[in-house]
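Asker: So you can see what is in the structure, the chains are spelled out below.
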Amino acid sequence: MTDTQSGLLSSQHDWSSAAARKRVKRRYAADRRLQFYGIGAIALSILLLGVLFSSLMFTGYVAFYTTKVALEVPFAADQFDKDKLGDANYRGIAKTAFLTYFPEVTSRAEQRNLVKIMSSGAPYIIRDFVVANPDRIGSTVTIQVPVSDPFDQLYKGVIPRYIDALGQDRIALFEKLQRRNVIKIEGGKAFAATDIFVNPAEIPDGDITKADLHGMVREGFAAYYPKQTSRAYQEILAEDASTQVLRAKIEAEPGIVGKTVTLMLPLAPAYDELARTGASKIVNPRFGDKAEFVWFDKLISAGAISTPFTWELFTNADSRYPELAGLAGALSGSFFALLVCFLLSFPIGIATAVYLEEFAPKNKWTDLVEVNINNLAAVPSVVFGLLGLALFINTFGLPRSAPLVGGMVLALMTLPTIIVATRAALKGVPPSIREAALGVGASKHQVMLHHVIPLSLPGILTGTIIGLAQALGETAPLLLIGMNAFIPSIENMGLTQPAMALPTQIFSWADSPERGFVSRTSAAIMVLLGFLVIMNILAVYLRRKFERKW
Amino acid sequence: MVVYLFLLLLAIASSGFLLGRFKARAAGVGQDVKMHSLDGYHGWFVAAWAGIPAVLLTLLWLLFQGPVIDWLLVGSLPANKVQAIDGGKLQLLVSQIKSVAAGNIFSQPEPFVVEAAERYNRWKDIASWSLFAVATVLALVGLLVARSRISPRFRARNGVETIMSGLMIACSVIAILTTLGIVVSLLYETLRFFDRVSVVEFFTGLNWEPQIPIREGQVTAGGAFGALPVFWGTMMIALIAMLVATPIGLFAAVYLTEYASARLRDVVKPLLEILAGIPTVVYGFFAVLTVAPAMRTFGEAIGLNIAPNSALAAGAVMGIMLIPFISSLSDDAINAVPQSLRDGSYGLGATKGETITKVLLPAALPGIMGGILLAVSRAIGETMIVVMAAGIIAALTLNPFEPVTTVTVQIVTLLIGDSEFDNPKTLAAFALGLVLFLATLVLNVIALRIVQKYREQYD
Amino acid sequence: MEHQVVEGSKPVTVPALDPTITARGVNVFYGDKQAIFDVDVDVPRNAITSFIGPSGCGKSTFLRCINRMNDTIPICTVTGDIRIDGEDIYDPRLDVVELRARVGMVFQKPNPFPKSIYENIAYGPRIHGLTRSKKELDELVEKCLEKAGLLKEVKDRMNEPGTGLSGGQQQRLCIARAIATRPEVILMDEPCSALDPIATAKVEELMEELKENYTIIIVTHSMQQAARVSQRTAFFHLGKLVENGDTRQIFTNPSDKRTQDYITGRFG
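Chains as they are written, first to last, in my numbering: chain A, 14 to 563; chain B, 9 to 467; chain C, 3 to 270.
Derived pair list, reagent style DSS-like, types lysine-lysine, alpha-carbon separation capped at 25 Å:
hint	chain 1	residue 1	chain 2	residue 2
1	C	Lys111	C	Lys213
2	C	Lys157	C	Lys111
3	C	Lys111	A	Lys457
4	A	Lys375	B	Lys461
5	A	Lys35	B	Lys360
6	C	Lys137	B	Lys31
What the hints contain is simulated information worked out from the structure, not anything from laboratory work.
So that you can see chain A by itself, here it is in the shape it has in the complex (with noise of 0.2 Å):
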């Protein structure tokens, strides 16, 4: 009682003093600093996630169209073998098809990079008409056919007609000359003022290579960029002409050797058209030349051109050219995958789950085998791919790049969430059900199949289609057991045939040079993506639906 330490405890604390009321907002705003980090970071979780939709569906939604150009295709009997349809020559029947838009063009070469604006898949597409429909020979068709990719792309604005000729760096560089007055632009042609020194070391004999005029150019010029290498000159410059132009100059005034000059040097073409208009284009390298352009929107002008929906996305097999790339090659891969897969893993997921949950004596096998479950969850995907590769593929001898295989390794990684989400289902029925049918005589077996197994079916299936989903969506085993494939047809589509799946094909379309394959690329994950979402919504669905509260 009397302890003189009970002085610290006794003596007030001023809660109202300055310096305590600012200790307080410090820390409330430290506290406000946490919320806001809070914030910010799933801001900008969500920001990221609608940056990755935007821009997939952003590049995308082209390849939901296609730009077509209407062939009015006059099929006459005697091109036609009545046994042998496919054999006729479809490829001059498209050419003579198309040729009717430009009556004007006639030489054999122009008519060669005409041709090239239709796709080349046109004589197939009417291949195909006519095998479907011979009783159509005699009579005159409208058939619309893809035009070729570059077209396609520049109908749609993906890609323009002109580019910019120079990079940033050289448009930055002539500014430079620009700002210093150098360029004058004199009766619509620009000319870069340049002093030049006629150096009479260079000229010792009177003899005027072309050789010593560029070195007297050069170095006259390089005085404006002390820093950059020759090429700089040697490009904004057009260097023969300048040459001449010193070449007259000396050539006309003998004196001025010795002396140094104001020349106007002619710009090189891009620059030149840069200082006069103040942008330099060339014609996208896409295409062929500027007649191209003119032709198209000829075309365009006849009404010929339509924009479809792209149905080809989903009936065409994968092809080397974009316009007619169509993912129902590698959708009929995903979906045998899938099958092999669900086959596999649901019957074993469900058996090991059932025998682990409600048969299994605790001892060290049964701890083995979770372990080993858990584990194999967490095992990269690749790796399974090489246990494919190896084990499947090279031991086996089960086919290369076939579902089969496909399907096998994915039910190998699916089996863990099955099992997971069967060992939950399971323990999420009360043990009142099993004692009531215990109680009435029925054996363990029994009440599995009879009770327990039915009543935890909707969890089961829950995590069956969230497993499937996720296999739907593996890429990389995939990859290594060779199911990526290039199958132009989808003829002959089965278990153990060579295939492609949706992700693979994805990677592959990713992987090509050709600008249509972008958005082909992004349309393909917008379907992969769709399939995910339906599955997740069906997963969803059956959880809230038959969601029992015991």
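Start from chain A and add chains B and C according to the hints.
Answerer: Here is chains B and C on its own, set in the frame of chain A:
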């Protein structure tokens, strides 16, 4: 052929079911004794004995038929043709024989190849016909034996249940077999790799150029299998990914568990889950399409030269992928901290922020650390993002704006396309795979240990 | 030790004890922990026997030995000898599934299957193959519902889920389900603890009727219930059988001090 066999076996099993049930019914009606088991169980019992052994036999047969015939084929080749060539050529020869056997003849093959092809076809025929016969006989014998056991006192239900238990145990063994398969196949190919390339070089060498064609007999002379730059690149990209994912994921988790209203949580959590559900190939394309060009443009604007396949772009996108992973595991860890600790802190007049930073996060630290380790293991095993967005050339650099390569990228690039199983290039992929498998395994085991310890602490 | 039970030392008022179930020297262990100590008890035919005692005294555990429900708990072991009509129910050759059909059970909480009322009752007969035709099964279901006094209430909604019934109806459904396998013995593990008094009265009434045909054992913590419905009572305490005898005698003149303390409310 195989499909028909399976259909036949299915038919035998179904008729076994019907026969068994019929006999049981007849036996039950005839006598006064009550049947021990329902008729259906007798049917299932017979069907199981007719179907299961035959199907198992067929599967095993199919698995081993190929290797056995190959082995016989190699053995039957003329000795002078086989002795002179090494393993890779032999494999080539075998596949040539097979393609000749399948009827694809491109050039005039040697006569002994044609002979071998005929032998191969003959053996394949013999094998499939004998499989057909043996499996059918086995199914019928199973059916008859099982059917003969049917009597009123026969405990068919118990028999069927024993079979079911056996099947369930067999299924649960598959998990172990898978792990075993991974370990054995990786180890086997890795050991073959280390026959050709020294272990020391693999783990300490600084030069990784596996694409160089290596002539026979000079296998180790090429010596471009120093995997250190590959490991370095893997760690660098994983580090960048964690630098992106950890703060974002952790702050998001803190906000969601402690500050956010229930409604906000209900909206934000599914959105983060969407981020987790996006296939990695999509992230890879996102990196190539959007992130890398954006970084490049930004770099140009501030005078930095960022490579189009820089470690930064691949790592950052991988980080985005890992955000939901970190946030949900941190969420769990923070939620697991008992309410009493919060109450204690609030009771002293601490602000929410102080409670979080001084009490909750330290208490949840083991759980969060476990989550981060799991995420690291994900990051080093992640394949598609780096295959699409990172480099192929192994470089030992500290600069995140330059391209580096990773273990997974190398595995995929080494194995994509045709792979000869005798080439050190192919085998190197398996050695990398083994390293990857072991690294992720160790990380996972440690992480799970930490998480488990942590859970026990508060349970 | 063997016959430490106080049977001999007190006047037995139930004249002819015709035991269905005889248990001798029953011990139950949960792992290393012993839950039941050396219990001997006889249960008379076509009568209601109640097991009473404070919570945790082992009365339910012992009840679950009689249809071997304890087998479903892996760490539980039972030793000793329990016979129904002279047949050793722990004989390894005996099929436990058959036993449970012969010894029905009703649980503390009503636990109908989440199926239709009809399916709830038909399930047992179906898995045991007790009926030959659909018609026979329909009749059996109806008879069981009638016996359980539920038929009138559910006749028009046989295909509605059993979980939709009220608590008391659910428990009577469970009793109907138990008698559908034509058992000789019905075990009831506190069947009324989750029910309101009116439902309890109905179930008790039902038990009274059922005892004509079945041997019934009820575990209850309510002494009033034991006194109301049972003819014989066994008192368990700390895993031991303290006293076993005629209900009236146990409640009016218990021979053991602990029994007296319990029924007068000193503990429990």
